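> What follows is each chain in one-letter form.
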Amino acid sequence: MANNTTKSGAVMVIGGGIAGIQSALDLAEMGFYVYMVEKGPAIGGRMAQLDKTFPTNDCSICMISPKLNDVGGHINIEILTLTDVLSVKGSEGDFSVKLRKNPRYIDMSKCIACGECANKCPKKVSNYFNEGVDTRKAIYVEYAQAVPLKFSINAEECIYLTKGKCGNCKKVCPADAVNYEDKAEEVTLRVGSVVVASGFDVFDPSVADTYRYSQWPNVITSMEYERILSASGPFQGHLVRPSDHKEPKKIAWLQCVGSRDINRCDKRYCSAVCCMYAIKEAVISKEHASDLEAAVFYMDIRTYGKDFEKYYNRAQDAGVRFVRSRIHTLTPAPNGDIILEYIDDAGERQSEVFELVVLSVGMTPRTNLPELAANLDIDLNEDGFIQTQPLTPINSTRTGVFACGAVNEPKDIPSTVMEASAAAEAAGRVIAEAKGTLTKSRTYPPERDIKDEPPRIGVFICHCGINIASVINIEEVVNYCKDLPFVEHCTNTLFACSADSLNKIKEAITEHKLNRLVVASCTPRTHEPMFREALAQAGLNKYLFEMANIRDQDSWVHQKEPVKATQKAKALVRGAVAKAALLEQMYQTKMGLTKEALVVGAGAAGLNSALSIAQLGYPVHLLEKTDVLGGNGPKIFSREKDVRGYVAKLIKDVENHPLIKIYKNTVPKSSHGFVGNFETKCLGPNGEFTISHGVTVLCAGGHAHKPASYLYGENPNVLLSLDMDELLATNDPIIKKPNQTFAFIQCVESREPDRPYCSKICCTHSIESALTILDRNPEAIIYILCRDVRTYGFREKLYQEARSRGVRFIKYCVDCGKPEVVAGANGKLNITIKDHILNRPILIEADYLTLATGIDPNPMREEIVEVFKGQLSAEGFLFEAHMKLRPVDLATDGQYLAGLAHYPKPLEETIVQAKASAARVATILSKDHIMVGGVIAVVNPEKCAVCCTCVRACPVQVPKIVRNEVDPALRGHAFMEPAMCHGCGVCVSECPGKAIKFQFFTDEQLLAKVEAMVQEKKAKPA
Amino acid sequence: MSDFEPKIIAFCCQYCAYNAADTAGSMRLQYTPNVEIVLIPCSGRFDVILALKALESGADGVYVAGCLEGGCHFLDGNIRARKRVVYLQNELKKIGLEPERLAMVNVSASQGPQFAAYVDEFAGVVKGLGPSPIKKHLAA
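If you read the protein sequences in the order shown, they are chains A and B. When we follow this note's numbering, the leftmost residue of the first sequence carries the number 14, and every step to the right adds one. When we follow this note's numbering, the leftmost residue of the second sequence carries the number 37, and every step to the right adds one.
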């Protein structure tokens, strides 16, 4: 089918931040050629600027750096930097894109990024990558891990290009890479679809003069603060304030600057991320200096995402102070300090001195977004973001043009990554028949056979900025390791994962004729594939590599014990070197795969996932444990969107799709296999049967929590949110009755020790219900009793509308007394609550009380994770492979998740995650084969006594007894099919004759490693 | 005795325990530097000879960490590992070594805090036992 399509098999992705990166990588792995258009000189976007990320405190650059290199090194992604989109003509499947490539004034093929040019450049300018906190030169790279790592000249800043004088950089460049004659160039590309992922700007608080941002140096934005905290930032990670470089002892964060504010600026939406990043910055600051006082001034704390509430609780435990107050006045104090005056919760006027004030600035549309939107011929919404619809959250107003990330609405990184994969699904689906028409394949240099060479080990010790180097004495470790057995080359590196360092590793392999490599840096879980790729590119078998985890398992966990941490680092490297000396070349084999998917659960997530996978061209088996499709969808009523109609149509589309087979009343009983080749035994109405599939998507859902409080189940007028939905959906007359009082209680049995998480949807849901009641019965009296109102993103507009229309919000806190509900004599519900403004109890006589109880995980979750070998979080939701960057993947390759099984979320986010799962599925099913083997068990026939211990021990029944092929007269032996072995090593440890070798974890390798770690250094053999 | 710093080797499975150790790292949970981790694909790969080699080389304690029971990526690798640990504990007794120098624990990938606490607890036990008698022989 690939040959007779008129559609282009290429996609243009606009923007090189995390959204564009994820979209591009998914699309490239799905079989499409990607042009990544980036306005700046390097990709990386905002994530490259961030210090740490919530809620795991992972180092942002550490997470994104491997992705940057994946994009930079991907054969089917072409990065176009310093490039603007001028126009997009044509239609879906056949767009003609005109681009302008702006001059870099540096020949990228020649630049070696040595930095001589910047050393000699006399022109200092404000460093926008560091948010203007320090300066850089007019010739520059944005940051150390930049991809592509090539210098560029800003023409407006360069003395030579503006005045015709200077020319220093050209004189000193050893590679003759500077070209002042470089000109802008227009190019035209043909693509089938477009993904807009151009990100956001941070709000500029200088327009709001209250904050004195432009006058006082110690009032800074949160983005500036990120750079100050960053090891690669203006102060090398030393927490000092700008005015006098003094370490601040008292810092205030002011929330909602440029968000939820229609007085000082025109930003009425909530920026969705600022509460969490402010908490994170406060926590990290206290890590920098434990006696530091951190106070966050807020309106509502919006910690609504997965593990966010726990993070907030931990911050409070760590001593971060939270004050509910919007600061109205900042006054100067001596020495650059700042006085904050505010009204506290008790209504008292307070005045407090801070040494640094951080403005938690919101996200705003990029200043160039109107121009880009005009060139793309797409609409923006009233807040200036790209116009999308709740049920088609990644579709722009133009067919074939999709948008993801903060360009649509403020959002955090995991939500952005999900949207990016969903956009990849959409952009790929519309050109599905052109898959593979424009992709290229990679060739490696021939592998050097090192079998007969004595080990020559190269060791690279990473500083990871200051992540490792601030605790571990790198120089000492390097000097120590130089003398370890077989080490030929040992050196340190600032960031081992940067493109520049990877090149140095490759050069060292050639220069020193290395045949084994050890990198001591972070965890092999995230970085091993990247280093293995570097080995392959340098002509070495990729398995001749070993990592020592001296960051996650050393410097990060022994921050106060530098001497011991350094000793430990030596031991870890010693072990890695000892194992490396015994590493052998290993080879993977190609294996076919079942190009079909299994989707478990047929709610909104499962239906969307199944439909998208089928539309991408792959057969789907859809399991549903009940006899109806739709899950919670048909029970939901929304004022903003026709959920029931949407789900009904979705069910119809799924039922009518020829590639989807639906199994109702069916549950999975057991599953085995591996990516590409799973077999799942299911139990249906007609008994047991087996489905073969290449990938699995778990969409097992969740359901509304049933409470045991507030008279639920005792009084018929106490409802759950979905009961109220039913009244609204059926237009029940009680809604319109005169003189009615409706009350809602939020966070019912939520955000409390037994269910510590926030269910994310309930605030918005209750407000929507309240507004619908008012639409139908304008005289109705409505109370919403709540803790923090968490209408994040554009949902804030509903909150504003509710307030302006007279919905009464009364805040309660768990510690000072939850509402009390008793049945009144008059048939009403008497609700007593302490009003936080009056500071005294008030009585509400309500006709109906709706309880917002949040979402519980699927009651069958234990069985599901047992069948599919997943993991559950403490709250009972599925544990994804990585919270930030792999929110749709499970830990097992080829398994994905979507919807409430992952975490409570609104329908639009479930749709996004489900579509994202389809893109992730397609990255596997698009291939004709998968590579298997490598880290597997291999039997030595001569040693095998045919005792069958391995046959009994193997968890997946792989070992078989086969004839001896060399001499059939001899006895047979056990044999493991390389493609089927999962690589657990159980048989190896059970085999009494030690006849099984576990490649990459052989007895010899592990014993040598253990011995080297325990014992002090052995002398180098002469 | 009080400034005795034990040397402990921990065998951690890649799907849960090693991941939990990384989680402890990303949470910056501080625990004893006396424990050094060896990555193994599954706790089922833990082999008696690995622990013996560690002890024979002078380690004061050996720790095995696998997935939660029922959560093993390879079904029952952690159950098999525990059997070997129990077996070896008995054997250690026979040769006059305290069986408490060997222990096993189950953690999930998200349980960074638990991992850090378990490791500290085990290190405390080993510290209480004092240096491995084998080490004295090695030194002699």
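Don't read these hints as lab results, they were simulated from the structure. Hints may be right or wrong, so weigh each one.
Said to hold, decoys possible - Computed list of lysine-lysine pairs in DSSO-like fashion (alpha-carbon distance at most 27 Å, straight line):
{"#": "1", "chain 1": "A", "residue 1": "K694", "chain 2": "A", "residue 2": "K973"}
{"#": "2", "chain 1": "A", "residue 1": "K517", "chain 2": "A", "residue 2": "K184"}
{"#": "3", "chain 1": "A", "residue 1": "K577", "chain 2": "B", "residue 2": "K171"}
{"#": "4", "chain 1": "A", "residue 1": "K956", "chain 2": "B", "residue 2": "K119"}
{"#": "5", "chain 1": "A", "residue 1": "K259", "chain 2": "A", "residue 2": "K137"}
{"#": "6", "chain 1": "A", "residue 1": "K102", "chain 2": "A", "residue 2": "K136"}
{"#": "7", "chain 1": "A", "residue 1": "K603", "chain 2": "A", "residue 2": "K453"}
{"#": "8", "chain 1": "A", "residue 1": "K519", "chain 2": "A", "residue 2": "K123"}
{"#": "9", "chain 1": "A", "residue 1": "K973", "chain 2": "A", "residue 2": "K956"}
{"#": "10", "chain 1": "A", "residue 1": "K608", "chain 2": "A", "residue 2": "K519"}
{"#": "11", "chain 1": "A", "residue 1": "K577", "chain 2": "B", "residue 2": "K163"}
{"#": "12", "chain 1": "B", "residue 1": "K129", "chain 2": "B", "residue 2": "K172"}
{"#": "13", "chain 1": "A", "residue 1": "K176", "chain 2": "A", "residue 2": "K136"}
{"#": "14", "chain 1": "A", "residue 1": "K123", "chain 2": "A", "residue 2": "K184"}
{"#": "15", "chain 1": "B", "residue 1": "K119", "chain 2": "A", "residue 2": "K973"}
{"#": "16", "chain 1": "B", "residue 1": "K171", "chain 2": "B", "residue 2": "K129"}
{"#": "17", "chain 1": "A", "residue 1": "K577", "chain 2": "B", "residue 2": "K172"}
{"#": "18", "chain 1": "A", "residue 1": "K847", "chain 2": "A", "residue 2": "K323"}
{"#": "19", "chain 1": "A", "residue 1": "K137", "chain 2": "A", "residue 2": "K52"}
{"#": "20", "chain 1": "A", "residue 1": "K196", "chain 2": "A", "residue 2": "K102"}
{"#": "21", "chain 1": "B", "residue 1": "K163", "chain 2": "A", "residue 2": "K573"}
{"#": "22", "chain 1": "A", "residue 1": "K719", "chain 2": "A", "residue 2": "K694"}
{"#": "23", "chain 1": "A", "residue 1": "K114", "chain 2": "A", "residue 2": "K52"}
{"#": "24", "chain 1": "A", "residue 1": "K1010", "chain 2": "B", "residue 2": "K119"}
{"#": "25", "chain 1": "B", "residue 1": "K172", "chain 2": "A", "residue 2": "K1007"}
{"#": "26", "chain 1": "A", "residue 1": "K519", "chain 2": "A", "residue 2": "K648"}
{"#": "27", "chain 1": "A", "residue 1": "K677", "chain 2": "A", "residue 2": "K638"}
{"#": "28", "chain 1": "B", "residue 1": "K130", "chain 2": "A", "residue 2": "K1007"}
{"#": "29", "chain 1": "A", "residue 1": "K52", "chain 2": "A", "residue 2": "K111"}
{"#": "30", "chain 1": "B", "residue 1": "K163", "chain 2": "A", "residue 2": "K1007"}
Computed from a predicted structure; not experimentally measured.
> Against this structure, judge whether each hint is valid.
Consistency of the hints with the structure:
no.: 1; hint: A:K694 with A:K973; result: 22 Å, holds
no.: 2; hint: A:K517 with A:K184; result: 25 Å, holds
no.: 3; hint: A:K577 with B:K171; result: 20 Å, holds
no.: 4; hint: A:K956 with B:K119; result: 25 Å, holds
no.: 5; hint: A:K259 with A:K137; result: 24 Å, holds
no.: 6; hint: A:K102 with A:K136; result: 41 Å, violated
no.: 7; hint: A:K603 with A:K453; result: 18 Å, holds
no.: 8; hint: A:K519 with A:K123; result: 18 Å, holds
no.: 9; hint: A:K973 with A:K956; result: 16 Å, holds
no.: 10; hint: A:K608 with A:K519; result: 36 Å, violated
no.: 11; hint: A:K577 with B:K163; result: 16 Å, holds
no.: 12; hint: B:K129 with B:K172; result: 18 Å, holds
no.: 13; hint: A:K176 with A:K136; result: 12 Å, holds
no.: 14; hint: A:K123 with A:K184; result: 15 Å, holds
no.: 15; hint: B:K119 with A:K973; result: 25 Å, holds
no.: 16; hint: B:K171 with B:K129; result: 17 Å, holds
no.: 17; hint: A:K577 with B:K172; result: 22 Å, holds
no.: 18; hint: A:K847 with A:K323; result: 26 Å, holds
no.: 19; hint: A:K137 with A:K52; result: 22 Å, holds
no.: 20; hint: A:K196 with A:K102; result: 25 Å, holds
no.: 21; hint: B:K163 with A:K573; result: 20 Å, holds
no.: 22; hint: A:K719 with A:K694; result: 32 Å, violated
no.: 23; hint: A:K114 with A:K52; result: 9 Å, holds
no.: 24; hint: A:K1010 with B:K119; result: 21 Å, holds
no.: 25; hint: B:K172 with A:K1007; result: 31 Å, violated
no.: 26; hint: A:K519 with A:K648; result: 58 Å, violated
no.: 27; hint: A:K677 with A:K638; result: 6 Å, holds
no.: 28; hint: B:K130 with A:K1007; result: 24 Å, holds
no.: 29; hint: A:K52 with A:K111; result: 14 Å, holds
no.: 30; hint: B:K163 with A:K1007; result: 34 Å, violated
Violated hints, listed in ascending order, are 6, 10, 22, 25, 26, 30; each of the other numbered hints is respected by the structure.
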